[in-house]
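Colleague: Generate coordinates for the entire structure from the input sequences, incorporating the hints supplied.
2 protein chains.
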Amino acid sequence: MNLQFKVIQKDSSSRGRLGEFVTSHGTVSTPVFMPVGTYGAVKTLAPEEVTALGYQIILSNTYHLYLRPGHKVVQNLGGVHKFMGWNGPVLTDSGGFQIFSLKKLMKVSEKGVWFASHLDGSHHMLTPELSVQIQQALGSDIMMSLDEMYTEESSSDYGQEATDRSTRWAKRCLEARTRDDLALFGIAQGGFHEGLRIESTQAIVDLGFDGYAIGGLSVGESKEVMAKIIECTEPHLPKDKPRYLMGVGTPDDLVRCVARGIDMFDCVMPTRNARNGSLFTSSGVVKLKNSVHRDDSNPLDSECKCYTCCNFSRAYLRHLFTSNEVLGLRLNTIHNLSFYNKRIKDIRNAISNGTLGQWATSLGDE
Amino acid sequence: MNLQFKVIQKDSSSRGRLGEFVTSHGTVSTPVFMPVGTYGAVKTLAPEEVTALGYQIILSNTYHLYLRPGHKVVQNLGGVHKFMGWNGPVLTDSGGFQIFSLKKLMKVSEKGVWFASHLDGSHHMLTPELSVQIQQALGSDIMMSLDEMYTEESSSDYGQEATDRSTRWAKRCLEARTRDDLALFGIAQGGFHEGLRIESTQAIVDLGFDGYAIGGLSVGESKEVMAKIIECTEPHLPKDKPRYLMGVGTPDDLVRCVARGIDMFDCVMPTRNARNGSLFTSSGVVKLKNSVHRDDSNPLDSECKCYTCCNFSRAYLRHLFTSNEVLGLRLNTIHNLSFYNKRIKDIRNAISNGTLGQWATSLGDE
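Keeping their order, the protein sequence lines are chains R and F. Numbered continuously in numbering that gives the first Met the number 0, the first sequence closes out at residue 365. Numbered continuously in numbering that gives the first Met the number 0, the second sequence closes out at residue 365.
Derived by calculation from the structure, the hints in this document are not laboratory data. Keep in mind that a hint or two might mislead.
As the list makes no split between identical chains, a pair holds if one copy fits it or if it spans any two.
[Unchecked claim] Derived pair list, reagent style DMTMM-like, types lysine to aspartate or glutamate, alpha-carbon separation capped at 20 Å: (1) K9 to D239; (2) K103 to D205; (3) K81 to D294; (4) K71 to D294; (5) K304 to E47; (6) K288 to D163; (7) K81 to D295; (8) K71 to D295; (9) K288 to D119; (10) K103 to E151; (11) K102 to D295; (12) K106 to E128; (13) K103 to D364; (14) K81 to E174; (15) K227 to D179; (16) K341 to D251; (17) K106 to E198; (18) K9 to E193; (19) K227 to E365; (20) K106 to D156.
Modeller: This is the structure in structure tokens:
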């Protein structure tokens with residue numbers, strides 16, 4: 000069996016746990032945060048910088064690489080790792096999330112999901128089988144099964160139908176897999192309805208995957224909804240497999256969700272916010288556009304040891320931001336990803352020390 | 000006296016020479032190419048990358064830093080070196096070139112040049128005195144005197160007037176200088192008219208500067224015009240001061256112009272072309288947008304040892320370029336600046352070996 004996940008230590012104060020899993024591109028310690036490299040690059044950063052920041056695994060998007068340059072191009076160039084010069088593990092999503100975000104330019108059927116490309120309007124049909132084929136061609140270490148995103152609170156007929164379809168698609172993904180060296184994760188859906196969530200989770204777990212994801216959440220929902228969904232799902236997930244909360248979240252979300260039993264995260268927030276000049280610091284969020292930083296010779300975060308904070312002032316970073324200098328996007332990205340990695344380290348330490356539960360409680364679910 | 004320029008070796012086959020000058024931020028070997036850092040950053044690169052590429056000195060633009068963030072802001076933050084985290088020497092232009100490029104939004108008088116900011120339309124008057132004040136506040140190692148750009152071929156009344164005014168402005172710059180630790184260069188103008196050029200050069204040299212620049216040329220003129228201007232100017236420049244050809248040029252221009260006695264260059268070409276996906280290689284220019292590169296697993300230039308060529312394929316660079324990924328701008332910039340630095344090294348070697356003259360002759364002036 001691939002992935003060889005094992006729990007190393009459990010937190011005495013929460014459901015948090017330290018673990019690790021093994022891929023053919025290296026071992027990953029959990030809890031883990033995966034930076035997003037949509038088009039085969041963590042935006043603004045070279046692979047060696049991502050490694051230097053302490054990251055062990057990145058996420059790349061099937062939808063984007065399928066459309067450009069095309070999975071067969073990537074395959075002919077030796078796979079996604081060689082293509083982008085990243086030697087560590089790669090997780091790819093199924094492509095579904097981006098397609099469901101196209102709204103009017105997509106249509107779901109039992110076969111799969113039809114969509115029009117956001118690049119050139121060309122028509123495509125993504126089926127569970129094609130999603131696995133693409134991900135196998137990319138050669139990602141962890142593949143995700145195709146699902147239908149359902150984000151309503153009701154257990155309407157459509158909610159039931161979408162949830163059941165996601166289960167059938169998950170089964171087809173398992174059947175389509177021909178490469179045993181690549182892990183495949185199932186995704187529990189069910190919208191914001193507890194009954195549907197539990198039903199979906201049980202069905203997906205019964206199918207038997209290398210790991211399990213909770214889909215359909217993002218940083219957009221209330222913390223109460225996020226808490227509710229995780230708490231109703233988690234007891235139904237096997238303890239000996241990694242649990243991945245897709246698309247989440249803020250630095251404090253990481254604390255709350257690890258304390259509820261999550262092992263893996265990805266989110267565009269640190270990298271996207273960096274490019275928008277919104278920076279996480281130990282004393283709160285800094286908005287570079289604010290003129291208060293114009294003459295400030297201090298670093299972004301005096302407690303941070305990242306390249307940006309060791310070498311540049313808030314005034315310079317603000318100047319780069321207001322001048323649209325590409326270097327600024329990169330220095331900001333380095334800082335935000337450094338902040339997230341430190342957060343993950345602090346969470347791991349809190350698990351070791353049995354203090355994660357108190358930390359999460361102190362944050363609340365506001 | 001500042002700058003302490005000395006000629007170390009003369010080429011036996013051309014007017015080329017090896018030399019060096021000393022600033023309070025380090026010694027610079029000539030011939031030298033200075034990457035352009037318009038807004039206090041060599042676009043896309045961190046200072047340590049510029050150093051790693053072999054560059055000893057960069058150019059920064061007075062006009063841009065005056066408008067944003069303002070020279071007093073930079074001064075209060077410790078000067079341009081500390082502001083941008085660059086510990087090597089910095090040369091600043093006078094601000095004139097950008098203002099004269101504004102065309103209808105500027106007006107010349109004896110006092111100086113009035114202009115409307117390209118950022119917010121605000122009105123300003125740049126005088127020779129203010130240009131020196133700004134550059135002294137920035138703390139650049141080499142300041143340039145303010146001149147009026149004249150780029151016609153005739154010795155019209157206006158040509159004579161502009162050339163004479165540039166001389167008077169150069170004198171006012173010398174008189175306005177209060178910091179002896181910063182070098183100040185004079186600039187010879189005179190359009191494309193040999194008589195005016197010689198007149199301007201002699202007048203500027205009589206004033207006595209730490210170095211001399213040839214202004215008014217760019218990569219836009221024909222090679223014949225460039226050759227003519229340099230050849231009529233060079234004999235009138237003192238041999239014991241550095242000669243700087245502003246805004247030039249292509250890799251082959253560097254060979255031709257060093258062979259005609261030039262020591263210093265700056266140009267946006269390597270960095271701007273990089274961002275436009277146009278890359279210099281040992282087998283000619285590569286345009287990344289061309290679909291022929293889509294599946295090409297080869298490096299940009301198999302003879303190049305830069306980070307980009309050692310780690311990424313043409314296919315990946317094309318993918319980053321067509322996907323508007325910021326990382327691509329940077330990898331391209333690293334390559335083009337690496338190519339320029341190798342060109343400068345090859346020129347230095349050719350001077351040592353007495354072969355620069357043959358090299359320049361083989362290129363011709365086409």
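Colleague: Run every hint past the structure and note whether it holds.
Modeller: Against the structure, the hints:
no., hint, verdict
1, K9 to D239, "within (12 Å within a copy, 74 Å between copies)"
2, K103 to D205, "neither (33 Å within a copy, 74 Å between copies)"
3, K81 to D294, "between (44 Å within a copy, 13 Å between copies)"
4, K71 to D294, "between (51 Å within a copy, 10 Å between copies)"
5, K304 to E47, "both (18 Å within a copy, 17 Å between copies)"
6, K288 to D163, "neither (47 Å within a copy, 45 Å between copies)"
7, K81 to D295, "between (42 Å within a copy, 13 Å between copies)"
8, K71 to D295, "between (50 Å within a copy, 13 Å between copies)"
9, K288 to D119, "between (34 Å within a copy, 17 Å between copies)"
10, K103 to E151, "within (18 Å within a copy, 58 Å between copies)"
11, K102 to D295, "neither (44 Å within a copy, 35 Å between copies)"
12, K106 to E128, "within (17 Å within a copy, 68 Å between copies)"
13, K103 to D364, "neither (34 Å within a copy, 59 Å between copies)"
14, K81 to E174, "neither (27 Å within a copy, 60 Å between copies)"
15, K227 to D179, "neither (34 Å within a copy, 70 Å between copies)"
16, K341 to D251, "within (12 Å within a copy, 49 Å between copies)"
17, K106 to E198, "neither (24 Å within a copy, 75 Å between copies)"
18, K9 to E193, "neither (26 Å within a copy, 83 Å between copies)"
19, K227 to E365, "within (13 Å within a copy, 73 Å between copies)"
20, K106 to D156, "within (17 Å within a copy, 73 Å between copies)"
Checked against the numbered hints given earlier, this structure breaks hints 2, 6, 11, 13, 14, 15, 17, 18; the rest are met.
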